[in-house]
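First to last, the protein sequences are chains B, X, F and U.
Residues in the first sequence are numbered consecutively from 1, following our numbering.
Residues in the second sequence are numbered consecutively from 1, following our numbering.
Residues in the third sequence are numbered consecutively from 1, following our numbering.
Residues in the fourth sequence are numbered consecutively from 1, following our numbering.
Don't read these hints as lab results, they were simulated from the structure.
These numbers come from a predicted model, not from an experiment.
Treat the hints with care, as some may be off.
Chain X is faced by these chain F residues, among others (derived, beta-carbon under 10 angstroms) [claimed, not checked]:
#, residue
1, THR55
2, ALA98
3, GLU102
4, ASN103
5, GLY106
6, GLY203
7, GLU213
Restraint-style ranges between C-beta atoms, simulated for each label pair [claimed, not checked]:
#, chain 1, residue 1, chain 2, residue 2, range
8, X, VAL198, U, HIS124, 42 to 48 angstroms
9, X, LYS59, U, LYS18, 53 to 59 angstroms
10, X, SER32, F, ALA235, 48 to 54 angstroms
11, F, GLU123, B, SER200, 40 to 46 angstroms
12, U, GLY152, X, ALA228, 32 to 38 angstroms
13, U, MET215, X, VAL198, 52 to 58 angstroms
14, F, SER86, X, VAL198, 54 to 60 angstroms
15, F, ASP36, U, THR21, 33 to 39 angstroms
16, X, ASP158, F, THR21, 56 to 62 angstroms
17, F, ARG177, U, THR21, 37 to 43 angstroms
18, X, ALA89, F, GLY51, 52 to 58 angstroms
19, X, GLU145, F, SER176, 47 to 53 angstroms
From the three backbone atoms N, C-alpha and C, an ideal C-beta is built for every residue, glycine too.
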Amino acid sequence: MGKALNLRTPIVIASGPGGFGEYLNVSSVDWSYVGAYTLKTVTLNPKSGNKPPRMYASKEFLINRIGLENPGFDGLRKMVEDGTIDKLASIVPLILSLGGDSFDEYVEITKLCRPFLDKFIAVEYNFSCPNVHHGGLSIMVDREEWRRLLKAIRTETDAFIIAKLGIESGFVEEMARIVSSEGWDGVTVINTIRGLMVNSEGQTVLGGLSGPALYPIALRAVYEVRKALPDIYIIASGGVYAPEQVREMLRFGANAVSVGSALFHDESVLNEMGKEFSR
Amino acid sequence: MGKALNLRTPIVIASGPGGFGEYLNVSSVDWSYVGAYTLKTVTLNPKSGNKPPRMYASKEFLINRIGLENPGFDGLRKMVEDGTIDKLASIVPLILSLGGDSFDEYVEITKLCRPFLDKFIAVEYNFSCPNVHHGGLSIMVDREEWRRLLKAIRTETDAFIIAKLGIESGFVEEMARIVSSEGWDGVTVINTIRGLMVNSEGQTVLGGLSGPALYPIALRAVYEVRKALPDIYIIASGGVYAPEQVREMLRFGANAVSVGSALFHDESVLNEMGKEFSR
Amino acid sequence: MASFSIKNVKYNAYLLTKKSTIEITDRTYLISFQEDLEFSPGQFCMVNVDGAGLTRKPFTLGRIEGTVAISVKIAGKGSEYIVKTSERLNVLAPLGNAFVPENRNGAVVVAPSCLAEGLHLSEHFKIPLFVASKSALSREITSQFELNTVVGNDGYLRLLEELNNSRFDWIFVSGSRIMEELAVRNMPNKLVYVSLNEYMACGIGACKGCAVETMNGIKHACTDGPVFRGDEIWARH
Amino acid sequence: MASFSIKNVKYNAYLLTKKSTIEITDRTYLISFQEDLEFSPGQFCMVNVDGAGLTRKPFTLGRIEGTVAISVKIAGKGSEYIVKTSERLNVLAPLGNAFVPENRNGAVVVAPSCLAEGLHLSEHFKIPLFVASKSALSREITSQFELNTVVGNDGYLRLLEELNNSRFDWIFVSGSRIMEELAVRNMPNKLVYVSLNEYMACGIGACKGCAVETMNGIKHACTDGPVFRGDEIWARH
Ligand SMILES: Cc1cc2nc3c(=O)[nH]c(=O)nc-3n(C[C@H](O)[C@H](O)[C@H](O)COP(=O)(O)OP(=O)(O)OC[C@H]3O[C@@H](n4cnc5c(N)ncnc54)[C@H](O)[C@@H]3O)c2cc1C
Ligand SMILES: Cc1cc2nc3c(=O)[nH]c(=O)nc-3n(C[C@H](O)[C@H](O)[C@H](O)COP(=O)(O)OP(=O)(O)OC[C@H]3O[C@@H](n4cnc5c(N)ncnc54)[C@H](O)[C@@H]3O)c2cc1C
Ligand SMILES: Cc1cc2nc3c(=O)[nH]c(=O)nc-3n(C[C@H](O)[C@H](O)[C@H](O)COP(=O)(O)O)c2cc1C
Ligand SMILES: Cc1cc2nc3c(=O)[nH]c(=O)nc-3n(C[C@H](O)[C@H](O)[C@H](O)COP(=O)(O)O)c2cc1C
Ligand code: FES
Ligand code: FES
């Protein structure tokens with residue numbers, strides 16, 4: 001058996017839609033029903049993100065091209081130093097999400113975060129953001145380079161580390177095999193899928209698709225990864241909007257289930273999802 | 001400029017949903033509005049396909065696990081010899097789709113088909129069927145082996161050859177670059193995406209997703225491939241159900257647009273789509 | 001292996017105008033049409049349900065005193081659309097093979113969802129019709145047609161037993177998969193025909209979605225059926 | 001760069017019961033609610049539209065003689081749901097910053113879609129309200145409120161010219177993006193405030209979707225706005 005996170009419930013807030021804890025200000029959520037809150041991906045240097053428009057939605061998809069807007073390592077450190085992280089963590093366990101624009105940046109930010117990694121129950125590495133030009137998806141084009149990166153990160157930390165994988169860089173179960181063989185503890189599958197929509201003003205929105213239409217794809221990814229790797233820790237991500245879907249994801253092999261875009265519809269669905277697992 | 005197919009209209013019937021020409025029996029379609037009809041993928045040996053259930057649908061997705069049921073090369077030869085292919089081709093130009101379970105099978109069937117390839121305006125190689133255990137998707141896991149296969153096929157034939165790519169074996173624009181660099185004429189993007197649904201009888205249906213929800217993903221794939229390769233011939237496939245979508249696909253770089261699952265909704269949409277391009 | 005020859009047939013798309021819609025039983029309706037179209041007993045059509053479904057939906061065709069009809073059980077959004085819409089229905093027909101029995105010494109058993117087909121076969125071949133329903137049929141239906149009806153599971157099992165010991169050479173059964181399987185298993189003395197309800201996308205042999213495992217390998221419900229010999233589908237023990 | 005400090009606020013989810021829905025003009029409605037909730041002029045709420053949209057939808061809040069109200073232009077399925085449903089609305093509020101002008105020597109210009117907000121500001125700050133509409137307002141609205149209305153594009157441009165030469169120190173404009181941009185460009189003598197309509201998913205600063213390019217870099221309409229100084233958004237030439 002691989003290591004596990006032992007969450008109080010298997011419900012996890014996805015990296016990005018939950019920002020840096022803003023949903024903790026929404027009074028309708030009972031956080032004892034939530035197992036962990038993943039912060040938005042932090043990169044070494046701050047990013048101001050992409051130009052607007054950054055979002056659009058159809059009936060089944062939400063498309064976003066935020067472009068990893070984040071305060072960078074310095075911003076994160078400030079949140080640690082001013083007690084924000086401790087305050088958030090006192091309400092719900094936190095997962096840190098890290099990203100980078102290059103091999104060196106991934107390693108560098110890992111090193112820099114080491115002093116306070118114990119404030120987080122796990123670190124998720126975002127290898128699959130479709131909305132940045134370097135890093136994210138492109139780091140995975142060169143399979144051998146990526147494998148070296150996985151090895152390098154594993155060497156830097158004993159934390160519970162999770163690789164977040166999309167479905168476009170290679171068969172997700174093959175990617176997960178690589179992750180596992182480098183001694184990582186878990187994978188999050190899937191991330192958004194690259195899409196293109198033209199909005200009502202006629203602007204082209206190139207971004208990542210999230211929402212209900214991802215669900216059967218994410219469910220399949222969970223199934224394939226579990227089939228390939230009986231012991232790896234799996235966080236399911238993609239189109240989960242209802243308690244039945246949490247149950248189904250768990251049934252097909254997920255250890256935890258992440259909720260992203262559904263927060264935008266009604267964050268109180270977290271209560272319904274978490275209730276049955278709460279002790 | 002790369003070679004082009006010079007279709008009478010840019011509307012193409014997708015491989016699979018159109019079977020082996022059965023839609024030519026439907027009287028509501030005016031075939032002068034259709035540029036080409038791709039036959040269902042043929043493999044060296046006949047395949048009886050997967051066990052039922054083979055299909056299921058939600059509001060936005062159709063899932064299928066046909067498993068490349070096809071009569072094999074011998075069946076195809078029979079259709080050539082008994083005049084069926086000529087009869088079909090006299091109504092609408094045909095594209096042959098070929099698949100295989102191994103390197104050798106792809107090459108072998110190419111050789112065997114050579115004597116009658118002139119009956120087809122192009123040959124599409126299916127490298128992306130998610131529903132067979134060997135071949136299809138898995139041939140692409142080993143990138144170098146796949147590149148050798150592309151080279152070997154190109155050596156065997158002067159036909160207009162097109163590689164059909166999914167989005168899961170690697171970034172589709174990277175895959176297309178490889179295809180182009182091996183001297184191929186075109187790509188069809190995308191194929192179905194692997195999904196999992198539980199049907200109303202509680203059976204697990206592992207198959208490929210097609211239908212409306214694929215559209216923004218396919219549109220993005222067309223955009224990315226066109227950006228990477230200004231000269232390659234692109235057939236767009238995925239979720240095209242309406243004339244506006246044909247126009248949009250062409251606007252973002254497609255040379256032709258394939259119609260698959262939409263046939264199941266109403267094949268007469270082909271008339272609406274083709275009309276404006278008809279001379 | 002299924003054959004891959006392409007049939008020399010024409011499938012037409014018709015626009016059918018509803019003439020009447022009457023409730024047969026709970027959530028199941030008999031819809032008749034103003035227009036005529038040519039087809040044989042046992043054949044089916046694929047009905048376009050507009051935004052209510054990604055594919056056309058298969059329904060067996062029936063003819064009642066000359067009028068084309070289908071019966072529809074509301075199973076989801078598509079069938080609900082068919083029952084409720086006042087628009088004309090876009091229908092691809094006729095599909096599948098005509099049912100041609102070896103003789104006329106047979107009987108038909110249908111669920112209410114296949115009543116149109118049942119009435120047609122009964123009228124066409126001049127053979128008795130039995131309706132096996134979960135709940136009682138509506139007054140409108142029983143007043144319009146003289147029907148032998150059995151209600152509930154026990155009633156159905158008794159009917160099968162009777163028919164198994166009857167004078168008929170064959171029994172045609174059309175309803176749910178469970179109902180058809182029960183018929184095959186519980187009437188070992190008889191030749192049983194079943195009309196299968198496989199998931200269909202094209203209805204014309206193109207998509208290969210409607211595969212059925214038979215004693216003779218994979219067949220396709222739309223082009224090899226929809227009617228099969230029961231013992232080709234279910235072994236009898 | 002936008003700041004990343006998390007605000008020390010509580011966002012509440014309310015269930016609001018409709019009290020009245022009246023047509024303001026073509027496809028635009030004023031909806032008032034039975035329940036009260038606390039908020040300041042300029043703030044907005046995110047309304048859950050059930051199956052009619054993947055995200056909650058943003059609407060500026062208004063208060064008219066003590067009653068909470070929103071105005072809604074039917075722009076798509078979500079806004080149509082809000083207008084038509086008889087269910088209670090699930091609303092996250094109050095969001096964004098209160099509008100705090102430097103003095104009370106201002107005026108408010110709104111499109112009919114922002115009438116609730118306009119009435120609120122006008123009442124709260126005791127300042128004049130102008131409504132710029134494409135078509136005439138309904139009798140119900142004009143009989144209930146005394147409104148200065150201009151109809152059509154030309155009327156709007158004339159109003160802007162007048163206001164530009166008026167005694168007011170500032171003008172608050174809330175409507176479409178085009179309407180707001182026109183106001184900034186055509187009232188160079190005035191401090192113009194605009195309430196932006198960026199695409200929003202969360203409304204609380206989490207998703208970073210509502211980015212606006214300002215003269216001072218990227219800001220977020222939901223947490224830095226929704227009201228901005230016009231000259232922070234559009235250069236004047
Ligand atoms: C040859 C044939 C003849 C049929 N004749 C009749 C009939 O006379 N009367 C009648 O009431 N029903 C008949 N059926 C079943 C009918 O087609 C389904 O009930 C109908 O398609 C349900 O569609 P829906 O959108 O309402 O359901 P959905 O909500 O889409 O699904 C509900 C259930 O209906 C079935 N179903 C859905 N789509 C299809 C499909 N494309 N093909 C087959 N089954 C599907 C599945 O079991 C599914 O789980 C027939 C089926 C076949 C294959
Ligand atoms: C802070 C703020 C306050 C607003 N106040 C009002 C108001 O008081 N009255 C009013 O009528 N409208 C207001 N709007 C605009 C309103 O939110 C949109 O018209 C509404 O969301 C349309 O939703 P739909 O489902 O009907 O449209 P859709 O069919 O989804 O889209 C139609 C158009 O509406 C806009 N839109 C859709 N979804 C959103 C979204 N999530 N966020 C922002 N815009 C969207 C887009 O321009 C889109 O092209 C406000 C917007 C913002 C950001
Ligand atoms: C607005 C938005 C921002 C996102 N930002 C990130 C991010 O910073 N890091 C990351 O790993 N994933 C990010 N994602 C992806 C989500 O974590 C999630 O994997 C994806 O949205 C699919 O799940 P969903 O359908 O539940 O939203 C973002 C998604 C959205 C919609
Ligand atoms: C029932 C079915 C069978 C298919 N069979 C094949 C096939 O044999 N070969 C192939 O290349 N693609 C096959 N496909 C994929 C389609 O050609 C097409 O790429 C895919 O369905 C996406 O397009 P659509 O959304 O227009 O259907 C099949 C798709 C369906 C739905
Ligand atoms: S339904 Fe398509 S082959 Fe039978
Ligand atoms: S709407 Fe999400 S950050 Fe503003």
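Hint-by-hint comparison with the structure:
Proximity of THR55/F to chain X holds as hinted, the smallest CB-CB distance being about 4 angstroms (cut-off 10 angstroms). Checking ALA98/F against chain X: minimum C-beta separation of about 17 angstroms lies over 10 angstroms; hint violated. Because the smallest distance between the Cβ of GLU102/F and any Cβ of chain X comes to about 28 angstroms, over 10 angstroms, the interface hint for this residue is violated. Residue-level restraint check for ASN103/F is violated (minimum Cβ-Cβ distance to chain X is 32 angstroms; threshold 10 angstroms).
Checking GLY106/F against chain X: minimum C-beta separation of about 28 angstroms lies over 10 angstroms; hint violated. Satisfaction of the interface hint for GLY203/F is found here, the shortest Cβ-Cβ separation to chain X being roughly 9 angstroms, below the 10 angstroms cut-off. Below 10 angstroms, beta-carbon pairs count as interface contacts, and GLU213/F has one with chain X at about 6 angstroms; its hint therefore holds. In this structure the supplied range 42 to 48 angstroms is violated for VAL198/X paired with HIS124/U, their Cβ-Cβ distance being about 54 angstroms.
At about 29 angstroms, the beta-carbon gap between LYS59/X and LYS18/U misses the expected band of 53 to 59 angstroms. In this structure the supplied range 48 to 54 angstroms holds for SER32/X paired with ALA235/F, their Cβ-Cβ distance being about 50 angstroms. Taking 40 to 46 angstroms as the suggested C-beta distance range, the pair GLU123/F and SER200/B does not conform, at roughly 56 angstroms. With their beta carbons about 49 angstroms apart, GLY152/U and ALA228/X fall outside the hinted range of 32 to 38 angstroms.
For the hinted restraint 52 to 58 angstroms between MET215/U and VAL198/X, the CB-CB distance of approximately 53 angstroms keeps it satisfied. At about 34 angstroms, the beta-carbon gap between SER86/F and VAL198/X misses the expected band of 54 to 60 angstroms. Roughly 49 angstroms separates the CB atoms of ASP36/F and THR21/U, a value that falls outside the hinted 33 to 39 angstroms. Taking 56 to 62 angstroms as the suggested C-beta distance range, the pair ASP158/X and THR21/F conforms, at roughly 60 angstroms.
Between ARG177/F and THR21/U, the C-beta spacing of about 49 angstroms breaks the proposed range 37 to 43 angstroms. Checked against the given bound of 52 to 58 angstroms, the beta carbons of ALA89/X and GLY51/F, roughly 36 angstroms apart, lie outside it. Remark: the range hint 47 to 53 angstroms for GLU145/X to SER176/F is upheld by a beta-carbon distance near 48 angstroms.
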